[in-house]
Amino acid sequence: MSGYLPPSQYHSPTDQYDVAPGVRPYSYMEDLNSNTVTPLSPSALPADFDWEGFFALQPITSSPGQHNLVDNGAHYPSILPFPTVLDGQILDESSEASNVTSPPIGARVAPVSEHGTQVFATALELDVCPAQIVSDTHTSKVSNGLECDTNISFPSTLVVGQANFPAGADFVMDEGLSEDEGVGVAEVRKRDKVSRETRARRTAARKVKDERKEVYEQEAETILARRAVEDAEFSVKHSLSRARTDEILEASLFAKGTRASSASNALNSRASAFFNLGRAKGQRYNIAEVRALMNGDPTWSTRDLEGNAQEILCAELTKKRKEKAHARRGSRLSAAKTSWVLQNRIAGDLRLLEKQTDCLYVMLSTSTQHDSAVKSSMMGSKEIYDFSKDILGVDIFDVAKDLQLYALSRKPGAISHTSIDKLRTLAAKLIASSMAMILQPGSPKIRMAYVDYQTAIVEKYLMQIVGWPAGVPFVKPSEISSITQLQKLVNAFKTGTAHWEPLNKKERKKVTDTVRQREEDEKAGRVKKKPKKVTRSDKGTVRGPNKCTAKDSSSNKENEPARKRARVEASAGGFKSAPTIEDSDGDENEGSEQDVEDSEGEDSE
287 MSGYLPPSQY HSPTDQYDVA PGVRPYSYME DLNSNTVTPL SPSALPADFD WEGFFALQPI
347 TSSPGQHNLV DNGAHYPSIL PFPTVLDGQI LDESSEASNV TSPPIGARVA PVSEHGTQVF
407 ATALELDVCP AQIVSDTHTS KVSNGLECDT NISFPSTLVV GQANFPAGAD FVMDEGLSED
467 EGVGVAEVRK RDKVSRETRA RRTAARKVKD ERKEVYEQEA ETILARRAVE DAEFSVKHSL
527 SRARTDEILE ASLFAKGTRA SSASNALNSR ASAFFNLGRA KGQRYNIAEV RALMNGDPTW
587 STRDLEGNAQ EILCAELTKK RKEKAHARRG SRLSAAKTSW VLQNRIAGDL RLLEKQTDCL
647 YVMLSTSTQH DSAVKSSMMG SKEIYDFSKD ILGVDIFDVA KDLQLYALSR KPGAISHTSI
707 DKLRTLAAKL IASSMAMILQ PGSPKIRMAY VDYQTAIVEK YLMQIVGWPA GVPFVKPSEI
767 SSITQLQKLV NAFKTGTAHW EPLNKKERKK VTDTVRQREE DEKAGRVKKK PKKVTRSDKG
827 TVRGPNKCTA KDSSSNKENE PARKRARVEA SAGGFKSAPT IEDSDGDENE GSEQDVEDSE
887 GEDSE
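In terms of the working numbering, the numbers along the sequence shown are unbroken and rise by one, the last being 891.
Read the hints as simulated data drawn from the structure, not as lab findings.
What follows is a list of derived Cβ distance ranges for each label pair:
#1 Ser768 x Tyr692: 24 to 30 angstroms
#2 Asn551 x Phe760: 44 to 50 angstroms
#3 Arg556 x Leu678: 53 to 59 angstroms
#4 Ala756 x Val680: 33 to 39 angstroms
#5 Thr585 x Lys661: 47 to 53 angstroms
#6 Arg802 x Lys661: 55 to 61 angstroms
#7 Tyr692 x Lys815: 53 to 59 angstroms
A virtual CB, placed ideally from N, CA and C, is assigned to each residue, including glycine.
Produce the complete structure using the sequences and hints provided.
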């Protein structure tokens, strides 16, 4: 037998044997430069392999350029040592091959021909197909009544233990390997027939499911149709395009829908937390085991739950999913991975922003925890480094290090500028500096006005504050007496949530029309013109001392506070001391005598 030798006749792994042209055994190493092959090790085949009755194999190659490529037709059992499963149960009753199963899924079985044989073909892609010779006809008949739509004929003797599985596949049956105990080679597992009650129950369940599906599909179509009509009416009413309407109504923002919370899923989640309470991480029940435990206890059932209870369960599961989606990472390495992934994503968006809009960007990031794997990082445009060195006079990388030191040196939970006076001052500075961001360089500063904000700021300079925090009154920071409101205002302007913006074209037109209409109404007398400044009621009269503070000079004069008087010497502009000191002893004596005489004269009077 050309090309095959039993194991006893193998001399060494290097022995080579001549084979027929274009024929090689499966898994043999072929030398393309010669018509010889290196035999496979005997350990690769079963110990009881029938070497004497074995036949040659028609090779199948994967290269289209080779002459021995077999068409993609019916493929047949290889020599893999698995149970015998052919492409179809097409042997007649007289056949002795009782270990042949019914056709697998995907096989194309033709009706029985006039000769009592059955023609079939399959699309399974297999490794080898047994053959002895290449037939001239496309259909070859075998003695056991098998007729194949192929140009390859194979012998009537089938080798026990062959299988038609693709390379690497162990079983193609519906059941798993767990139920194959006791099933030997060349034996077929027998399946029990489904009972009539089971088939009836499945049919009824399928019918109910189809009815429910039809109901909710019709309801969904009604909702979608009604929404389409409403969207079209909204688009026509406001003269918007379809794309703009979808953008406003958030119709095209959801690329993937979120999971809807159901009562059964919520109950499964609660049961999983209940049964796994106190269990180690590797010993917790999976969802299948949890459901098995729930089936044994009637309390874990949604059948007896009322509508309100089911809504509570769904709300609980929704909240749990939301918290899980926004929860912090549990370990240091996972937090570092999250930081790395998100920063790379943001860096890509910023680079795209720079290319599309010619904007410069910089981003500094650091961790506030000492025991953290997240390191400080800096990313920005290439001009940022030159800007930091030339304008700021610092290295931007040193700034990133200083930011990390600042974040680590802060006290946990400490709030800076807790004094209400400092918060008022800081809020006023932030509002003024935020305004300076949108002004032209070198333009004079604009004094903030809160009472006449609409007239003195919006109408005059065509800009406005966007994002003023809710709950904070729009007054001067010095008039806000709540520390919480001041902190909220400061944080809003620090983070940029509240900022100044110039009016767009539509807003400028609206403001201009409002000012023009008001001026026309004032000229026509329909509206009273607002005075620029409120005049005093006693304008033009001479005002004396304040009546509220004026008091009787004779009443409690000793207890009154000392009045403030200006120093005459300081206002004269002279020196506090003379450049030369003169002798004043005689003057002091004369003065003293004169004082005595004056005092004596007053006493005599």
